[in-house]
Amino acid sequence: MAESVPSVEEMRAQAHRQGVFPTDDDLERARSFLAVLLPALDELERLVPRATVPAGMYLPLDAQ
Amino acid sequence: MSVAALASRLRAGELSPREAVQHYLDRIAALDPTVNAYTSVQADAALEEARKLEGSSGARGPLWGVPVAVKDVIDVAGVTTTAASRVLADAAPAANDSFVVERLRRAGAIVLGKLNTHEFAYGAMTTSEHFGPARNPWATDRICGGSSGGSGAAAALDLAAGTLGTDTAGSIRIPACFCGVTGIRPTTGRVSNRGVVPVSWTFDTVGPIARSVEDCAVLLEAIAGHDPEDPSTADVPVSPYASLLEGGVAGLRVGVVSALFEGAIGARVSEAVVSALSVLERAGARLVELELPFLGELGTVQQALQFPEATAAHLHWLRTRLADYGPDVRARLLTGLFLPPTTYVLGQRARRLVSERFRSACEGVDVLVAPTMPVLPPRIGEDTVELNGEIVPYRLTLIPYNSPWSCLGVPVISVPCGLVDGMPVGMAIAGRRFDEATVLRAGRTFQLETDWHELKPNLETTEVDL
Numbered sequence: 183m184a185e186s187v188p189s190v191e192e193m194r195a196q197a198h199r200q201g202v203f204p205t206d207d208d209l210e211r212a213r214s215f216l217a218v219l220l221p222a223l224d225e226l227e228r229l230v231p232r233a234t235v236p237a238g239m240y241l242p243l244d245a246q
Numbered sequence: 437m438s439v440a441a442l443a444s445r446l447r448a449g450e451l452s453p454r455e456a457v458q459h460y461l462d463r464i465a466a467l468d469p470t471v472n473a474y475t476s477v478q479a480d481a482a483l484e485e486a487r488k489l490e491g492s493s494g495a496r497g498p499l500w501g502v503p504v505a506v507k508d509v510i511d512v513a514g515v516t517t518t519a520a521s522r523v524l525a526d527a528a529p530a531a532n533d534s535f536v537v538e539r540l541r542r543a544g545a546i547v548l549g550k551l552n553t554h555e556f557a558y559g560a561m562t563t564s565e566h567f568g569p570a571r572n573p574w575a576t577d578r579i580c581g582g583s584s585g586g587s588g589a590a591a592a593l594d595l596a597a598g599t600l601g602t603d604t605a606g607s608i609r610i611p612a613c614f615c616g617v618t619g620i621r622p623t624t625g626r627v628s629n630r631g632v633v634p635v636s637w638t639f640d641t642v643g644p645i646a647r648s649v650e651d652c653a654v655l656l657e658a659i660a661g662h663d664p665e666d667p668s669t670a671d672v673p674v675s676p677y678a679s680l681l682e683g684g685v686a687g688l689r690v691g692v693v694s695a696l697f698e699g700a701i702g703a704r705v706s707e708a709v710v711s712a713l714s715v716l717e718r719a720g721a722r723l724v725e726l727e728l729p730f731l732g733e734l735g736t737v738q739q740a741l742q743f744p745e746a747t748a749a750h751l752h753w754l755r756t757r758l759a760d761y762g763p764d765v766r767a768r769l770l771t772g773l774f775l776p777p778t779t780y781v782l783g784q785r786a787r788r789l790v791s792e793r794f795r796s797a798c799e800g801v802d803v804l805v806a807p808t809m810p811v812l813p814p815r816i817g818e819d820t821v822e823l824n825g826e827i828v829p830y831r832l833t834l835i836p837y838n839s840p841w842s843c844l845g846v847p848v849i850s851v852p853c854g855l856v857d858g859m860p861v862g863m864a865i866a867g868r869r870f871d872e873a874t875v876l877r878a879g880r881t882f883q884l885e886t887d888w889h890e891l892k893p894n895l896e897t898t899e900v901d902l
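So the protein sequences, as listed, match chains A and B.
All residue numbers for the first sequence refer to our numbering, where the first residue is 183 and numbers rise by one.
All residue numbers for the second sequence refer to our numbering, where the first residue is 437 and numbers rise by one.
All clues stand as given, with none of them false.
Here are the simulated distance ranges between beta carbons: (1) A:His198 - B:Gly800: 51 to 61 Å; (2) A:Glu191 - B:Gly514: 44 to 54 Å; (3) A:Gln200 - B:Asn824: 36 to 46 Å; (4) A:Ser186 - B:Trp753: 28 to 38 Å; (5) B:Ala441 - A:Gln200: 47 to 57 Å; (6) A:Glu191 - B:Lys892: 49 to 59 Å; (7) B:Ser694 - A:His198: 40 to 50 Å; (8) A:Glu192 - B:Arg704: 43 to 53 Å; (9) A:Gly201 - B:Arg704: 48 to 58 Å.
Incomplete in silico selection of chain B near chain A, CB under 10 Å: (10) Thr669; (11) Leu754; (12) Ala759; (13) Pro763; (14) Arg768; (15) Leu773; (16) Leu782; (17) Gly783.
One side of the interface only, derived from the structure: several residues of chain A facing chain B at Cβ under 7 Å: (18) Pro204; (19) Asp208; (20) Phe215; (21) Leu219; (22) Ala222; (23) Leu226; (24) Ala237.
Derived by calculation from the structure, the hints in this document are not laboratory data.
No residue lacks a Cβ here, since even glycine has one placed at the ideal position from N, Cα and C.
Kindly generate the complete structure, drawing on both the sequences and the hints.
Shown next as C-alpha cells:
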C-alpha cells in the first residue's frame, strides 16, 4: 500500500469528485486522522500473509 | 431499585405501573437537569402505556410495568430519532419501533424516553453540540464516556430501571465503566440492529446498561434473538440468562490479558482490576496469564473497516448536510473518503487472521479479563487525560482496551470494581461468541462477592421512595 498522506489540495479534489464540499479546516482535521491511520495500515498489510482471504462482513457462527 | 426487584413488586401488585412511571418521571425532573442524560422524555406516552397495562388482562411479561429508556439512535415509534445531531433534529418521527423496543414492549416494559449519545454514536465523549454534554454523575465536570453516555448516566442515577445502549468500539463498556454501572456488549449478531441508526454494520451491537449484572441479564434476555429482517443476526438459541446466573465460578478458567495491565494504563486503575481478579480467584476461578496475538493491531483492523462503513452510511448527508455535523464527527466521516481503495478488504483479511489466531490462543480458557478502560474520564471540553504523569489523547487510550472484543465479535461485560480518586473503575470480562451466559455468571459472582455496583454517586441528593 505504502500510501503517503495526501495534501489538502488532493483531498479537496477527491472530495469534490465524490460530491462532498468540506472546508480547509475539515480537511486538515481529516488529514490528522490519516497521518496516524495510513502508516498503521501499511504495517497491518505487512503482517497479513498474502494468502489470507477476507472474513465475511458478519463473522461466521463457527468463529468462536 | 433493581429491574428484578421492581418487576417482582409490580407483579405482586405492591406498586402500579403508573406509580412506577411517575416515580422515574419525578427523578428525571429532579436530577436530569444536572446530568443531561435524556434528549427527550415521553412522559404522557409512558403514563398512557402504564394505564393500558393496568387495564389489560393479558399475560404479564417479565418486564411488566418496568420503566426503561433507550439511546437516541434506537427508534421508538412516534418519536424523532435525533442521534444527538442537528442533521436529524428535525426529522420525522419514527414510523415503527425498532426490533429491540418491540421486544421490550412485548416483555411489558414502558419506554420513558430517549438518552443522550455522542453524535451519531461516532465517538466516546457524549458531548453533543446540539443537545449539550451528558455529565458524569460522579463528577459533573467530567464526561460520561460514550457513545452511550446518557445510558450510563441514567443507569447510575436510577433515572430509568434499565437502559439500552449501542456498542461499536466500546460505546456500552466505556460509559458503564466511567459511570460505575454494568453494561454488556452481546455477541455481534445476538441482537437485531433493525431500527437503529448505524455506525458500522460489521460491529454495531445493541445491549443493556443497568445497575447490576442481574438487571442486564433480564434485559438481554428480552431483546436477544434472531431477526429474519436483519441479516446481521444469527439464528442461535437464546439462553435463559437470568436463571443461569447463580452457578458460581469454581473451576472457571479465567485468561488474564497481561499486556493490558501494564504500560499505557493508570497504575491505580490496574491495581483495582488486579484486586478484582483476586475476588474471582477466591471464588474458585483459575487464573491463567495469556499473551494474545495481534493485540496491538486490532485497533487498526477495526478502523480499516469502521471508517469506510461509517462514511458509506453517511455519504448522503455528507453531500447535503455537511455543516450540520459537529467538527469531530465530520472529520471522522470525511476521513473515510480518502482511504486507499484496498483498505476495507485488508481489514477483512486481517480480521479473519486475528480471529483464527485468537481462537487458538484462547482454547484453554473460558473467559478473558482485562481493565475496561485504562484511564479516568476526561473533563468536559478536554480531549486529553492524565496517564501516569503524562498528558495523552483520550481517544488513543481507549482503542487497545475496546477494539479487540469488538473485532472478535465476542460478548464482553463491564462491571464496576473500584474507585480511583472518587471515580469508578471497571473490569471487562469477555467470553466465547454466543456464550453470554458464562460472561454474565462470572460478573454476577463478582457482584455477589463485592458491593462496588451498589455504590451511588454523591450527586444523588433527592430520594423519592417507591
